[in-house]
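S.K.: Read off the chains here:
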Amino acid sequence: MDEITSLMHGFVVVLTPYNLGLMMVGIILGVLIGVLPGLGGANGVAILLPLTFSMNPTSAIIMLSCIYWGALFGGAITSILFNIPGEPWSVATTFDGYPMAQQGRAGEALTAAFTSSFVGALVAVLMITFTAPLVAKFALKFGPPEYFAVYLLTFCSFVGMSKGSPFKTITAMMLGFALASVGLDTVTGQLRMTFGFTEMLKGFDFLIAVIGLFGIGEILLTIEEGLAFKGAEAKIKMRVVIDTWKKLPKYWKTSIRSSLIGCWMGITPGGATPASFMGYGVAKSMSPNGANFGKGEMEGVIAPETAAHAAGTAALLPMLTLGIPGSPTAAVLLGGLLIWGLQPGPLLFTEQKDFVWGLIASMYLGNIAGLIVVLTTVPLFAAILRIPFSIVAPVILVICAIGAYTVHGSMFDVWLMVIFGVVGYIFKKLDYPLAPLVLALVLGDRAEDAFRQSMLMSQGTMSIFFANGLVATITSLALVMLFWVPLNAGFAKLRGK
Amino acid sequence: METPEEKSAASVKTVDAVTAVVIFLLGALVIWDSWRLGAKWGSDGPEAGYFPFYIGLILCISSVVNFIAALREKSGDSFVSRSSMKMIMSVMIPTIIYVALIGGVGPVSGLGIYVASAIFIALFMKWLGKYAWGMTLGVSISVPVVFFVLFEIWFKVPLPKGPLEAALGLN
Numbered sequence: 000m001d002e003i004t005s006l007m008h009g010f011v012v013v014l015t016p017y018n019l020g021l022m023m024v025g026i027i028l029g030v031l032i033g034v035l036p037g038l039g040g041a042n043g044v045a046i047l048l049p050l051t052f053s054m055n056p057t058s059a060i061i062m063l064s065c066i067y068w069g070a071l072f073g074g075a076i077t078s079i080l081f082n083i084p085g086e087p088w089s090v091a092t093t094f095d096g097y098p099m100a101q102q103g104r105a106g107e108a109l110t111a112a113f114t115s116s117f118v119g120a121l122v123a124v125l126m127i128t129f130t131a132p133l134v135a136k137f138a139l140k141f142g143p144p145e146y147f148a149v150y151l152l153t154f155c156s157f158v159g160m161s162k163g164s165p166f167k168t169i170t171a172m173m174l175g176f177a178l179a180s181v182g183l184d185t186v187t188g189q190l191r192m193t194f195g196f197t198e199m200l201k202g203f204d205f206l207i208a209v210i211g212l213f214g215i216g217e218i219l220l221t222i223e224e225g226l227a228f229k230g231a232e233a234k235i236k237m238r239v240v241i242d243t244w245k246k247l248p249k250y251w252k253t254s255i256r257s258s259l260i261g262c263w264m265g266i267t268p269g270g271a272t273p274a275s276f277m278g279y280g281v282a283k284s285m286s287p288n289g290a291n292f293g294k295g296e297m298e299g300v301i302a303p304e305t306a307a308h309a310a311g312t313a314a315l316l317p318m319l320t321l322g323i324p325g326s327p328t329a330a331v332l333l334g335g336l337l338i339w340g341l342q343p344g345p346l347l348f349t350e351q352k353d354f355v356w357g358l359i360a361s362m363y364l365g366n367i368a369g370l371i372v373v374l375t376t377v378p379l380f381a382a383i384l385r386i387p388f389s390i391v392a393p394v395i396l397v398i399c400a401i402g403a404y405t406v407h408g409s410m411f412d413v414w415l416m417v418i419f420g421v422v423g424y425i426f427k428k429l430d431y432p433l434a435p436l437v438l439a440l441v442l443g444d445r446a447e448d449a450f451r452q453s454m455l456m457s458q459g460t461m462s463i464f465f466a467n468g469l470v471a472t473i474t475s476l477a478l479v480m481l482f483w484v485p486l487n488a489g490f491a492k493l494r495g496k
Numbered sequence: 000m001e002t003p004e005e006k007s008a009a010s011v012k013t014v015d016a017v018t019a020v021v022i023f024l025l026g027a028l029v030i031w032d033s034w035r036l037g038a039k040w041g042s043d044g045p046e047a048g049y050f051p052f053y054i055g056l057i058l059c060i061s062s063v064v065n066f067i068a069a070l071r072e073k074s075g076d077s078f079v080s081r082s083s084m085k086m087i088m089s090v091m092i093p094t095i096i097y098v099a100l101i102g103g104v105g106p107v108s109g110l111g112i113y114v115a116s117a118i119f120i121a122l123f124m125k126w127l128g129k130y131a132w133g134m135t136l137g138v139s140i141s142v143p144v145v146f147f148v149l150f151e152i153w154f155k156v157p158l159p160k161g162p163l164e165a166a167l168g169l170n
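Line by line, the protein sequences are chains A and B.
Under numbering that gives the first Met the number 0, the residues of the first sequence are numbered 0 to 496, in order.
Under numbering that gives the first Met the number 0, the residues of the second sequence are numbered 0 to 170, in order.
Derived by calculation from the structure, the hints in this document are not laboratory data.
Built from N, CA and C at the ideal position, the CB exists for glycine as well.
Heads up, some of the hints might be wrong.
In the BS3-like style, the derived pairs of lysine-lysine whose C-alpha atoms are separated by at most 30 angstroms in a straight line are [what the hints assert, rightly or not]: (1) A:Lys-162 - B:Lys-39; (2) B:Lys-6 - A:Lys-427; (3) A:Lys-427 - B:Lys-85; (4) B:Lys-73 - A:Lys-492; (5) B:Lys-6 - A:Lys-428; (6) A:Lys-427 - B:Lys-160; (7) B:Lys-85 - A:Lys-201; (8) A:Lys-427 - A:Lys-294; (9) B:Lys-160 - B:Lys-129; (10) B:Lys-73 - A:Lys-162; (11) B:Lys-155 - A:Lys-427; (12) A:Lys-201 - B:Lys-73; (13) A:Lys-201 - B:Lys-160; (14) B:Lys-73 - A:Lys-428; (15) A:Lys-283 - A:Lys-136; (16) A:Lys-201 - A:Lys-252; (17) A:Lys-283 - A:Lys-294; (18) B:Lys-85 - A:Lys-428; (19) B:Lys-12 - A:Lys-428; (20) A:Lys-162 - A:Lys-294.
Derived CB-CB ranges, DEER-like [what the hints assert, rightly or not]: (21) B:Val-17 - A:Gly-340: 39 to 47 angstroms; (22) B:Ser-10 - A:Met-237: 38 to 46 angstroms; (23) B:Asp-43 - A:Gly-489: 37 to 45 angstroms; (24) A:Ile-367 - B:Val-17: 48 to 56 angstroms; (25) B:Ser-10 - A:Ala-488: 47 to 55 angstroms; (26) B:Leu-163 - A:Leu-183: 22 to 30 angstroms; (27) B:Ile-96 - A:His-8: 36 to 44 angstroms; (28) A:Met-54 - B:Leu-163: 50 to 58 angstroms.
Take a look, some chain A residues computed to stay more than 12 angstroms from chain B by CB distance [to be verified]: (29) Ala-135; (30) Lys-167; (31) Met-237; (32) Ile-255; (33) Met-285; (34) Gly-295; (35) Glu-350; (36) Asp-353; (37) Ala-466.
Please model the entire structure based on the sequences and the hints provided.
M.R.: Written out as structure tokens, the structure is:
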């Protein structure tokens, strides 16, 4: 049981007053970020990342990951009380959460949502604790071709799993890769696509893209909807919490199903948003109360919340072990690792034990702390939501501008952020997915390096991606994912005959 | 009858098609620049444009598909109504002015982020929120002050400052 020993060591790292303090700060900031429109997990972490440059990496990741957990919790508050999803992954929570609030069962819905978030996260953290070291050990055998194949699998999964047009997914992804390749090419020392502008030398920073695409873009979308917050009364009494907790074990099947869906969707880069919809959909079709879904059924809150939180947490498994983030927020955290001078990937588990196990231990503690914080402070956050948008919006825009500026201390980045904001707004409305764009921007250089090294090894033939059993399997899987939509349609036709 | 406010400022079809064309041009730019750098197999391995060349190529192909899909779209849905467009512009224009105020444009030097933020928040609250002056000034001055303490003093992250900070000796 090496994992248990390592985990205990991780708890020792986390349990210092300083780290626990950062954890609480992170959770509270995270819930705030999750509640406010225009500030989400990904860009919230992106804005705060520059402030952690001088911190030690373990403390920094504890704070930032806690912001992420807080944001996951916070999204549910707005969904249930205001019928406004604070985060994309809490859209499915509005279906039954808001009707419950309207029936005067807001406390019950919130308790159910927070508790199931916690359960989902716990399952995912347990999964990470015991499988991450194995995956990391396995990944130590990976060479450049294997790595490229895994990148390929990641990106092809986006195409196969995309809800809209797969070509729009490909377009968004390729835009990310193209933006990533701008600037100084580290291998040849040549300038790529800078067109004589010195500002473009350092390339496009993904943090700027995240702040613009998710922050400014989201604000524009919110304003267009002409927001008026009219919410249900928010108070959670201890009695309601205990009564709800008594009811929850009844839905254990839904919880397990959603946890599994969430873990799977988090590891494959589906992310929390599709996981929540899938969790809701599966629960609806399999539950005996399925017909009541949408009318204020508690199970309809449990299913998406468990899945979303499990997926959000599980997304850190591929990030830690392979250096491949399973969600945009995980991608930002990965960017953080690179900035702090840590090389994500399997070696982290042998060379940076304090960091990895400190992070994993903080996931347990952070989620417990998060559950307590949200259960006790809901009225406070609901009050924040009642601040009119004409005050909140400019303040959020100011925060975004500061966040963009602090990345490199350059005004050019603030302008870029505005441009990315407009692009984000247009892309959202045209159903171009933003997650693959961000992931491609983060992973672009690493994917290209893996590709180049593989090509050098094979002297330019693609057959290296089928050279041994392992790499051939991953590549084939990637191709199956890429052509998943037509393949699936083909199978359906065959079965129909 | 549609009221003029609900009238569409642009249809999804048009925006979708225009976006596809813009992305195609970007893809072409990537191909062109990669070709200039060399997108082939050099003496010591793949040249600098090798990988981006294919990225540009896929970008162009997929945007052609998106373009055709946009043209086939028959629904005629509105991308944004005129009233929404007005709302968006009432946020975008102040934001652009705000960013210009922070750092200045060309030879004109900026006011720094704190003064610009105060003006921006005040404008926003007065114009869109129609708040009384007391409330407007209270919020628009206190928020930048909080940020000043947070960033300049607590985190020691310098943000752009202008003539006011210089006059107060806070630089």
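S.K.: Which of the listed hints are broken here?
M.R.: 1, 6, 7, 11, 12, 15, 16, 22, 25, 26, 27, 28, 30
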